[in-house]
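Protein chains: 2
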Amino acid sequence: MIGVNVQSMVFGNMGATSATGVAFSRNPANGDNKFYGEWLINAQGEDVVAGIRTPNPLNEATKTDHNKHLESLEKAMPEVYAELDGIRKRLEDHFHDMQDIEFTIQDKHLYMLQCRIGKRTGIAALQMAMDMLDEGMIDEKTAVMRVSPVQLDEILHPILDPASEKKAAVIAKGLPASPGGAVGTIVFTSEAAMAAAAQKKPVILIREETSPEDIEGMRASAGILTTRGGMTSHAALVARGWGKCCIVGCEAMKIDFEHKTVSFEGNNGVYKEGDWLSLNGAKGAVYAAKIDTMDASENPLFIRFMSIVDKYRRLGIRTNADTPEDAQRAVSFGAEGIGLFRIEHMFYGKNSETPLAKLRKMIMCETEEERVAALAELEPFIKASVKATLKIMDGKPVVFRLLDPPLHEFVPKSEDKRAELAKDLGISVDEVDKRGESLHEVNPMMGHRGVRLHVTYPLIAETQYRAIFTATAELKAEGLNPKPEIMIPVTVSARELEFQKSHCEKIRLEVEAQTRQAIDYHFGTMIEIPRAALTADRMARTAEFFSFGTNDLTQMTFGFSRDDVGTFMGDYLGNKILDADPFQTIDVKGVGKLVEYGITAGRSKRQGLMCGVCGEHGGDPDSINFFNKIGLDYVSCSPFRVPIARLAAAQAAIKQND
Amino acid sequence: MIGVNVQSMVFGNMGATSATGVAFSRNPANGDNKFYGEWLINAQGEDVVAGIRTPNPLNEATKTDHNKHLESLEKAMPEVYAELDGIRKRLEDHFHDMQDIEFTIQDKHLYMLQCRIGKRTGIAALQMAMDMLDEGMIDEKTAVMRVSPVQLDEILHPILDPASEKKAAVIAKGLPASPGGAVGTIVFTSEAAMAAAAQKKPVILIREETSPEDIEGMRASAGILTTRGGMTSHAALVARGWGKCCIVGCEAMKIDFEHKTVSFEGNNGVYKEGDWLSLNGAKGAVYAAKIDTMDASENPLFIRFMSIVDKYRRLGIRTNADTPEDAQRAVSFGAEGIGLFRIEHMFYGKNSETPLAKLRKMIMCETEEERVAALAELEPFIKASVKATLKIMDGKPVVFRLLDPPLHEFVPKSEDKRAELAKDLGISVDEVDKRGESLHEVNPMMGHRGVRLHVTYPLIAETQYRAIFTATAELKAEGLNPKPEIMIPVTVSARELEFQKSHCEKIRLEVEAQTRQAIDYHFGTMIEIPRAALTADRMARTAEFFSFGTNDLTQMTFGFSRDDVGTFMGDYLGNKILDADPFQTIDVKGVGKLVEYGITAGRSKRQGLMCGVCGEHGGDPDSINFFNKIGLDYVSCSPFRVPIARLAAAQAAIKQND
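Chains A and B supply the protein sequences, listed in that same order.
Residue numbering for the first sequence follows the working numbering, starting at 58 and increasing by one per position.
Residue numbering for the second sequence follows the working numbering, starting at 58 and increasing by one per position.
One or more hints might be untrue.
You can't tell identical chains apart in this list, so a pair holds if it fits in one copy or across any two.
Said to hold, decoys possible - Once the Cα atoms are required to be at most 25 angstroms apart in a straight line, the calculated DMTMM-like pairs of lysine to aspartate or glutamate come out as:
hint, residue 1, residue 2
1, K311, E427
2, K646, D594
3, K418, E535
4, K120, D690
5, K480, D313
For the record, the hints were derived by calculation from the structure and aren't laboratory data.
Keep in mind it's a predicted model, so treat the numbers as computed, not measured.
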């Protein structure tokens with residue numbers, strides 16, 4: 058205990074003072090355990106932070122290029138400095154945290170004006186938490202609570218240098234879809250982005266909205282900026298999955314694709330291809346400038362911190378990953394399994410050309426015979442993809458979700474692809490167009506997708522079952538321990554599951570007979586449509602696990618299309634009709650009620666039913682707090698969110714047990 | 058009591074018989090209280106019904122043109138006939154219903170083979186129920202139960218003549234979207250349908266799917282046949298609203314609009330404009346033939362029957378009507394109010410040209426100033442439409458639902474309309490196209506519609522409030538008793554209601570001040586999005602009534618787009634994954650659970666909260682039975698379904714109190 062409680066103690070107007078200062082008991086920028094601060098002679102506290110006069114450094118140890126020519130308090134008034142340094146230590150010992158201190162000096166007498174818990178950057182929060190733990194000032198639980206998930210996120214992404222950012226003017230704002238900073242020159246097409254990447258030039262990809270065809274261009278870009286879309290639009294989801302900076306729904310942006318220029322409402326500039334742009338993905342801010350970035354990369358402290366974090370969490374953490382690379386990255390971030398592997402992933406992006414051509418052929422053929430042949434050509438690609446990921450995840454569960462998107466999403470749009478497909482099928486391009494058109498849907502999100510496809514075409518499901526089981530058998534023969542879990546998407550009725558399970562079991566027996574390998578797997582379902590949650594008791598008779606797909610569940614529960622929500626979400630948040638974007642933070646009163654009901658109903662029929670979440674909410678701290686409370690078993694999130702989810706889960710558990 | 062219970066009594070093989078017959082204690086085709094039947098000498102019972110030999114008539118009174126040359130049993134064996142006629146009376150007295158009797162005669166000895174309750178047509182069911190009631194054979198409740206809703210439906214629609222239909226071959230099947238029969242020549246466009254109607258020629262309108270632009274063509278057609286769409290697609294909803302025969306989702310149909318021909322998979326014919334087609338809307342059957350129709354129109358018996366029906370029901374019956382004509386028709390069918398008046402109706406179909414042009418101007422303008430001006434031009438049209446219906450419904454409640462569809466639904470598609478709009482707005486056609494495109498949505502059903510429009514543009518809501526209140530004040534000044542109820546669509550949060558209510562109250566006070574009329578109204582909400590049901594307790598703080606929009610609630614709860622469900626619904630019903638189309642009959646386990654939860658939660662906060670249903674289910678007997686059970690106050694259905702809903706509600710109440 059210190060003698061006087063100085064927290065928020067204000068001495069009022071001291072009259073003419075000889076000096077005033079602001080100090081931090083440790084460095085708030087990097088966490089160094091060094092007394093850090095600034096002071097000015099003949100000034101008020103406001104003058105120190107106002108930045109009109111360059112303040113003097115507090116001591117010799119923390120002088121910078123900027124203020125090294127000015128006299129430190131340590132030198133100018135050694136006794137006062139020694140007294141202040143002593144108070145600093147007593148305050149920290151009392152509050153067990155870094156203090157932000159205001160002081161004034163009159164006639165060499167030190168007066169404390171105020172002290173409070175100091176704000177800090179992510180990296181500083183981490184450094185201080187670990188230092189204080191080592192100093193015995195705080196215990197492990199407190200250390201875990203000291204780094205917020207937002208701060209951890211900051212540590213994991215390169216960001217715009219705050220000093221440099223401060224000097225630039227924001228020209229437009231959008232939704233902060235994926236954090237971090239990005240700096241690059243403007244491009245308007247995926248092709249241009251890829252061309253620039255080949256020359257190692259950083260670019261910002263500007264689009265109205267992105268589609269699966271833009272994947273490679275998005276991958277090649279430093280950052281992505283779109284006019285439309287919400288927090289879970291295609292661009293947002295993909296970018297967040299990669300940990301890439303992205304701003305969506307920047308409605309002020311007007312693109313002129315013809316002249317390759319872009320302008321922003323409320324700003325007079327017209328920017329052309331090649332002009333520099335900087336994005337702050339955490340704020341959704343766009344700058345027409347080349348701003349410096351900072352790379353706060355991973356360090357041993359982070360790894361030690363995370364190992365402490367893991368001691369306190371109850372929730373398992375899995376990842377959403379569709380490639381061996383993503384799986385590997387997620388494991389390195391601490392993922393304990395894959396909660397969502399999307400079979401369709403192999404039809405998008407890199408190396409997708411050949412399997413996509415086969416898929417298109419399968420979609421467009423008309424007879425059962427043609428479909429069987431096309432699926433036989435497709436199967437090896439699925440098997441190879443499944444096998445590679447099961448191998449990386451050896452011994453850890455991998456949830457394979459059956460083909461989910463409506464088929465028309467794969468119908469080629471470009472003329473040459475349509476011509477190629479026509480040739481492949483031996484029909485006219487007109488016929489290709491006609492068949493493609495017949496797949497058109499008014500509301501594709503509520504259309505012929507997910508399990509509905511597999512009810513109509515059981516052969517498509519069987520091909521996937523066979524690919525998964527064959528891959529599993531081959532890995533077992535190689536002495537590995539694959540743990541496949543099969544998940545049915547878009548389920549609305551227990552009978553859909555029974556229908557699929559019977560086909561799945563048939564294929565398992567066939568593959569077991571062919572390979573002479575016993576195959577263990579779990580069979581489960583997404584709960585992503587309200588009716589699935591409402592009938593969860595029936596679902597649990599067949600399903601061995603539930604994975605709550607809270608993206609779609611939010612869409613259906615709100616009737617909010619995540620692709621279209623950008624047009625009104627701003628008005629909803631602005632008018633305080635919604636407190637938060639429900640695609641970012643789980644809506645406890647509606648969607649959360651369905652999740653809770655689903656868990657309870659499911660476990661009433663199957664004790665210990667494994668329940669996870671694989672929507673975007675799986676990486677959101679507030680949502681994780683809720684999921685921990687209602688008894689979910691795990692959350693699954695994109696690889697870059699895994700450490701954040703681990704931290705949020707630990708903090709949720711600590712808060713719950715408090 | 059008769060001496061022997063002959064129900065299902067079979068005497069076995071009688072050896073060589075001298076005669077066999079089948080008789081009905083009353084005429085099953087028209088309900089006449091005349092003994093009716095057929096018999097054959099030297100034959101088995103099967104021969105009588107097989108139709109190979111023309112059977113003899115039972116008696117002189119029921120001879121037809123077809124069999125008048127053959128000897129009746131009454132003439133051939135008067136004693137046997139008299140004995141049979143006596144048994145007929147004893148059986149009816151015992152079973153209190155019309156009997157289907159099989160008998161055989163050997164050496165002039167009559168043997169009864171079997172008897173059971175006889176099947177009958179709708180008109181016969183009505184006739185018999187009323188006759189038996191008058192005869193004292195049954196009580197009122199029994200009479201009410203004797204006519205099934207399907208039979209009542211039959212009475213209310215002209216149908217294909219069953220005899221003529223039997224001779225024709227079904228060339229394709231689709232979903233039975235709206236019952237009744239239609240016969241006409243093929244047309245492929247609304248224009249052709251209207252041209253034919255001008256010449257009083259009946260036509261069948263064939264489309265891939267219909268849109269609001271087809272309204273007048275649909276109205277002009279005898280029947281509608283579409284390739285796509287489910288039971289609640291645009292075509293189905295509109296046709297059912299009018300009581301017009303319609304088949305949708307006829308996927309076997311291939312239309313060649315260029316050559317104006319149509320063909321059907323599994324049928325070799327190619328049919329061109331002008332060829333005859335017949336539709337059985339109750340079965341979903343398509344015939345390439347001109348089949349006779351029967352008109353079983355309304356009769357005094359029906360009116361008397363319905364007055365008895367009304368004594369036993371608890372549920373109120375309202376109608377979905379948007380025009381004075383529909384309202385008038387519904388009242389004549391017994392509607393007690395309007396449960397759904399769609400403001401947007403005035404922008405479709407007849408006389409919509411001018412208000413639609415004003416609406417388009419309002420949608421496409423860019424500044425607040427332009428919007429205020431455009432809305433001012435629009436308001437008188439809304440007021441006139443509202444006023445006309447309130448006047449017809451004097452003293453009865455009318456629920457006005459605010460503008461519901463996404464705005465892009467009103468963006469003109471034809472070139473001349475776009476040019477007209479451009480001129481009207483003083484902008485280029487390119488600019489019109491650009492603004493129109495910016496309204497495009499990926500999933501419009503879950504997009505910027507309903508209350509979301511009114512959150513973004515409160516002025517649009519205020520215009521509607523002002524129109525409704527001004528109309529109300531004017532009618533009050535004329536000495537009438539208008540009862541407006543204002544309903545907010547697509548609500549997901551109680552705060553949307555509070556937001557709207559405050560605007561609504563502001564306008565009410567303004568109109569009261571201007572007109573010096575006190576305005577009474579009720580303010581309520583649709584419950585048509587799962588979250589609205591899940592948060593119904595909060596909703597009920599502001600809402601004075603709930604109307605469950607079970608069409609949309611079914612869409613969101615299942616994630617089934619009603620426009621796209623046609624592609625897989627057949628597979629779901631065929632594989633018994635669903636027992637019934639949930640758009641036709643309420644899904645008790647999922648959607649029904651939400652409705653029940655919504656009622657309970659709502660009434661927990663507002664005692665006696667008025668709860669109705671205004672989806673298609675409001676006219677479906679099985680659904681009405683459920684709605685009665687869970688304590689809804691009323692159902693609202695299309696005018697032609699009103700009598701069916703009255704009957705179903707009475708039967709539900711009788712069953713519940715049994």
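How the hints compare with the structure:
With identical chains, the CA atoms of K311 and E427 are at most 25 angstroms apart between copies only, with a shortest distance of 21 angstroms across copies and 46 angstroms within one. Proximity of K646 to D594 under the C-alpha cut-off of 25 angstroms is found in both arrangements, the shortest distances being 21 angstroms within a copy and 11 angstroms between copies. Neither within a single protomer nor between protomers do K418 and E535 lie at most 25 angstroms apart by alpha-carbon distance, with minima of 33 angstroms and 69 angstroms respectively. Proximity of K120 to D690 under the C-alpha cut-off of 25 angstroms is found in neither arrangement, the shortest distances being 50 angstroms within a copy and 77 angstroms between copies.
Within a single copy, K480 and D313 get their C-alpha atoms only as close as 35 angstroms, which misses the 25 angstroms cut-off; across copies the closest is 24 angstroms, which meets it.
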